[in-house]
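Colleague: Given next are the chains, with one letter for each unit.
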Amino acid sequence: MVIEKIAEKYSLNKINTSDEIPSFYCERGKFISLFNELKDEFEILLDITAVDFLGRRNERFDLVYLLLSLKNKTRLRIKVKIKEGEKLPSLSKLWKNANWLEREVYDMFGIEFEGHPDLRRILLYPEFEGHPLRKDYPLKKSHPRLPLLRPERE
Amino acid sequence: METMLLNIGPSHPAMHGTIQIKVELDGERVIKADVEIGYLHRGFEKTAENRSYMQVLPYTDRLNYVSPLLNNLAYAMAVEKLLGIDVPPRAKWLRMIFGEISRITDHLTCIAPIGMELGAFTVFLYMIKAREFLWDVLDATTGARLTTSYIRIGGVKADVPDNFEELLKKALVEVRKAVKDVHGLLSKNPIFLKRTRDIAVVTQAEALSYGFTGPVLRSTGYYYDVRKAFPYLYYNEVDFEVPLGERGDNYDRFMVRMQEIEQSVRIIEQAFKKIEKGPVKSEDEVVEAYEAIKASHRGKYLDKKLELNPNLEGMEKEIYDQIMAKVPQYILPPKEDLYRTIEGMIRHFKLIMSGHGLRPPEGEVYVPVEGGNGELGFYIVSDGSDRPYRLHLRAPVFSIMSALGKMIEGHYVADVIPTFASINMIGGELDR
Amino acid sequence: MREGNFITTTIESLIGWARKYSIFQYPFVTACCGMEYMAAAASRFDIDRFGAGLTRFTPRQADVLFVVGTISHKLAPVLKKVYDQMTEPKWVVAFGTCTISGGLYDNYAAVQGIDAIIPVDVYIPGCPPRPETVLDGLMKLQEKIQKEKQKWSLKK
Numbered sequence: 001m002v003i004e005k006i007a008e009k010y011s012l013n014k015i016n017t018s019d020e021i022p023s024f025y026c027e028r029g030k031f032i033s034l035f036n037e038l039k040d041e042f043e044i045l046l047d048i049t050a051v052d053f054l055g056r057r058n059e060r061f062d063l064v065y066l067l068l069s070l071k072n073k074t075r076l077r078i079k080v081k082i083k084e085g086e087k088l089p090s091l092s093k094l095w096k097n098a099n100w101l102e103r104e105v106y107d108m109f110g111i112e113f114e115g116h117p118d119l120r121r122i123l124l125y126p127e128f129e130g131h132p133l134r135k136d137y138p139l140k141k142s143h144p145r146l147p148l149l150r151p152e153r154e
Numbered sequence: 001m002e003t004m005l006l007n008i009g010p011s012h013p014a015m016h017g018t019i020q021i022k023v024e025l026d027g028e029r030v031i032k033a034d035v036e037i038g039y040l041h042r043g044f045e046k047t048a049e050n051r052s053y054m055q056v057l058p059y060t061d062r063l064n065y066v067s068p069l070l071n072n073l074a075y076a077m078a079v080e081k082l083l084g085i086d087v088p089p090r091a092k093w094l095r096m097i098f099g100e101i102s103r104i105t106d107h108l109t110c111i112a113p114i115g116m117e118l119g120a121f122t123v124f125l126y127m128i129k130a131r132e133f134l135w136d137v138l139d140a141t142t143g144a145r146l147t148t149s150y151i152r153i154g155g156v157k158a159d160v161p162d163n164f165e166e167l168l169k170k171a172l173v174e175v176r177k178a179v180k181d182v183h184g185l186l187s188k189n190p191i192f193l194k195r196t197r198d199i200a201v202v203t204q205a206e207a208l209s210y211g212f213t214g215p216v217l218r219s220t221g222y223y224y225d226v227r228k229a230f231p232y233l234y235y236n237e238v239d240f241e242v243p244l245g246e247r248g249d250n251y252d253r254f255m256v257r258m259q260e261i262e263q264s265v266r267i268i269e270q271a272f273k274k275i276e277k278g279p280v281k282s283e284d285e286v287v288e289a290y291e292a293i294k295a296s297h298r299g300k301y302l303d304k305k306l307e308l309n310p311n312l313e314g315m316e317k318e319i320y321d322q323i324m325a326k327v328p329q330y331i332l333p334p335k336e337d338l339y340r341t342i343e344g345m346i347r348h349f350k351l352i353m354s355g356h357g358l359r360p361p362e363g364e365v366y367v368p369v370e371g372g373n374g375e376l377g378f379y380i381v382s383d384g385s386d387r388p389y390r391l392h393l394r395a396p397v398f399s400i401m402s403a404l405g406k407m408i409e410g411h412y413v414a415d416v417i418p419t420f421a422s423i424n425m426i427g428g429e430l431d432r
Numbered sequence: 001m002r003e004g005n006f007i008t009t010t011i012e013s014l015i016g017w018a019r020k021y022s023i024f025q026y027p028f029v030t031a032c033c034g035m036e037y038m039a040a041a042a043s044r045f046d047i048d049r050f051g052a053g054l055t056r057f058t059p060r061q062a063d064v065l066f067v068v069g070t071i072s073h074k075l076a077p078v079l080k081k082v083y084d085q086m087t088e089p090k091w092v093v094a095f096g097t098c099t100i101s102g103g104l105y106d107n108y109a110a111v112q113g114i115d116a117i118i119p120v121d122v123y124i125p126g127c128p129p130r131p132e133t134v135l136d137g138l139m140k141l142q143e144k145i146q147k148e149k150q151k152w153s154l155k156k
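Chains as they are written, first to last, in the working numbering: chain B, 1 to 154; chain A, 1 to 432; chain E, 1 to 156.
Keep in mind that a hint or two might mislead.
When the alpha-carbon atoms are kept at most 27 Å apart in a straight line, the in silico DSS-like pairs for lysine-lysine are as follows [unchecked claim]:
1) Lys32(A) <-> Lys228(A)
2) Lys141(B) <-> Lys81(E)
3) Lys5(B) <-> Lys73(B)
4) Lys194(A) <-> Lys170(A)
5) Lys80(E) <-> Lys140(B)
6) Lys93(B) <-> Lys228(A)
7) Lys81(E) <-> Lys140(B)
8) Lys96(B) <-> Lys32(A)
9) Lys22(A) <-> Lys80(E)
10) Lys9(B) <-> Lys39(B)
11) Lys79(B) <-> Lys135(B)
12) Lys73(B) <-> Lys194(A)
13) Lys71(B) <-> Lys335(A)
14) Lys304(A) <-> Lys81(A)
From the derived model, a few chain E residues whose C-beta atoms are all more than 10 Å from chain A [claimed, not checked]:
15) Ile7
16) Thr10
17) Trp17
18) Glu36
19) Asp115
20) Pro119
21) Val120
22) Leu135
23) Gln146
Hints were generated in silico from the structure; no laboratory data involved. We put the beta carbon where it would ideally sit given N, CA and C, even for glycine.
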């Protein structure tokens, strides 16, 4: 099996999940060489997202990459643990939709990527301060762009 | 060479959604394009972290609002995988029928503006008329036309009414007639062919690199459908084909959608034969609620069928087991138990009140489903409490829209809107 | 002329009759309520029989602004600009609960009711409203247009 050989070569740790998708933890140092090798087998990059574990463990963020291979009919999930302020290399040269997916992670969480051609906000506007999906951002705090005619919530 | 900057702004006549395209023009040809999204960002993922699992379900209707039942299906299947429960067979057949009805309304709502924006207003009226008959079927079964919340965690909400067969057959006859009329109007029309053939061609290698899935990938000739590759529900027991295109231009995207409507009608007819018998109901006499309550004051328990409010039709206790899973700690009790016995009321209370509620075990899950535009899936991380810790939607339209800037380079300004229409962008799913 | 004599009130009701049966609308459509707006404009529930079927997609030629669907904070300056570009007399219809009070979305991104930005005349509730409700709201707007008083004096 291709996934087993790659997992042994880069010594990845296996995770138990509730679905049947094989999932592994990868270290930051081996990240870019692992993905260069995975590009031949897995044609489509489905998703890049992040989870915030504020206060529950040492490394704050957990980045999740989801890949799909149509030759072997499997999916693969790779996770990377990073602390606040650390950066990861960008995958926009290998898969072209990584450009917009990484911009969304930057907009919502504040994680930056090195080598990205155009890193700016995509779903929110430049006057917005803060990154909404972090756990210490309150739900109802808004930054209006116009002066309002009445108080927002009465 | 001097270029001109034109802004196709967030509020524009195309009936698709709010998006801003800034194009740089040389005469009438587009040299560079910059797409800006996010005008319908409503904060769905952050809101879902503050609601219980059952309260997130109405929010999923409003994501891809032309095919709402497919989003409910994706969410319900993800939570059921996390809890580890199984759904009864009659509920699975009902889920398949209503999922395919939603897929037909999605394709009808995509083709109608393609015709209207190229000047053919009749196509819009024919497709919307066919869609009204399908919405009548949804209205009779679920109670609402657009935002239904019909597919719930553990099964479906209610069983089909008595006049379901004639409503469904009339709707399918009208859909077939509308598709045949539009084929006659557009498919061999020389004006339509000149405006859509060889515009915005996408090759297979580019499509895979940009992460396309769904009808847009199948129009380039690549065969990938989640219903055939990773089958779920009963899709490996019905007989249907997957249409493919050749060149990947606007015309192929239109034709793939027209042929998929026909295949969905075939699936609905085959699935309807399996549930034609109807739920097994008994012919006992019916007693009103106040009589049962008065008898319980005297100490007697009347063991007869209760007459329920007409708004709760299809949820009677004897057919409840055929449409909902029988797992007491996660699923609500039937309404007769809730109104008459104290154990039913306690069970209902403990599942609805905040602080209690359904608590799945710790873990994470991702279950993919074939949506109207491609592979749709929810990624849920749970930490053992009654609210999801992190909920993320894999939106198929997001990856496809990242290629729009490249697709319109080199074409005329008049080709921007038909290209944007053939991608079927839905703002609720793109911006969440 | 003094306000309220026989000739001016007859002319006012004539102008009101002419205006209410020829409405040029500007549909500012964003989200799911747009599907019910399309259904109300199509052949089963026709709004063309009320005289309101012609959509002008430019604010300079429109009378009534239909705000359909959720407005987020990113889109609010665009809505104000479109409203400012319309010429008098103009009316605004708020369609769907997201425009009346924010609807389901009580968070950082959605405006909690568009009357914080522009003044509104008729509110149509529902999520999304059935087309019969839309026609009822349109008839209430027509009553309001009929009763509107004109200014006959020359001082501002």
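Colleague: Would you mind confirming whether the straight-line C-alpha gap from Lys93(B) to Lys228(A) stays at or under 27 Å?
Modeller: Since the Cα atoms of Lys93(B) and Lys228(A) sit roughly 31 Å apart, the hinted pair is violated (cutoff 27 Å).
Colleague: Verify the proposed pairing of Lys304(A) with Lys81(A), using a straight-line Cα cut of 27 Å.
Modeller: Roughly 37 Å separates the two Cα atoms, so the pair is violated.
Colleague: Would you mind confirming whether the straight-line C-alpha gap from Lys81(E) to Lys140(B) stays at or under 27 Å?
Modeller: 26 Å, holds
Colleague: Does Lys170(A) sit within 27 Å of Lys194(A), going by the straight-line distance between their CA atoms?
Modeller: Roughly 36 Å separates the two Cα atoms, so the pair is violated.
Colleague: Going straight from one Cα to the other, do Lys71(B) and Lys335(A) come out at no more than 27 Å?
Modeller: Violated, because 49 Å separates the two Cα atoms, which is more than 27 Å.
Colleague: Run the distance test for Lys32(A) versus Lys228(A): straight-line Cα separation, threshold 27 Å.
Modeller: Given that 27 Å is the threshold and the Cα spacing comes to 38 Å, the pair is violated.
Colleague: Within 27 Å, alpha carbon to alpha carbon, are Lys73(B) and Lys194(A)?
Modeller: 39 Å, violated
Colleague: Please confirm whether Trp17(E) is truly not at the interface, meaning its C-beta sits more than 10 Å away from all C-beta atoms of chain A.
Modeller: 29 Å, holds
Colleague: Please verify whether Lys9(B) and Lys39(B) have alpha carbons no more than 27 Å apart.
Modeller: Holds, at about 16 Å.
Colleague: Against chain A, does Val120(E) hold up as non-interface, every C-beta pair farther apart than 10 Å?
Modeller: The claim holds: Val120(E) sits with its nearest Cβ about 18 Å from chain A, beyond 10 Å.
Colleague: Examine each Cβ of chain A, and state whether all of them lie more than 10 Å from the Cβ of Glu36(E).
Modeller: Per Cβ check, Glu36(E) is inside 10 Å of chain A; nearest 7 Å; violated.
Colleague: Is the Cβ of Asp115(E) farther than 10 Å from every Cβ of chain A?
Modeller: For Asp115(E), whose nearest Cβ neighbour in chain A is about 19 Å away, the distance exceeds 10 Å, so it holds.
Of the numbered hints stated above, those contradicted by the structure are hints 1, 4, 6, 12, 13, 14 and 18, listed in ascending order.
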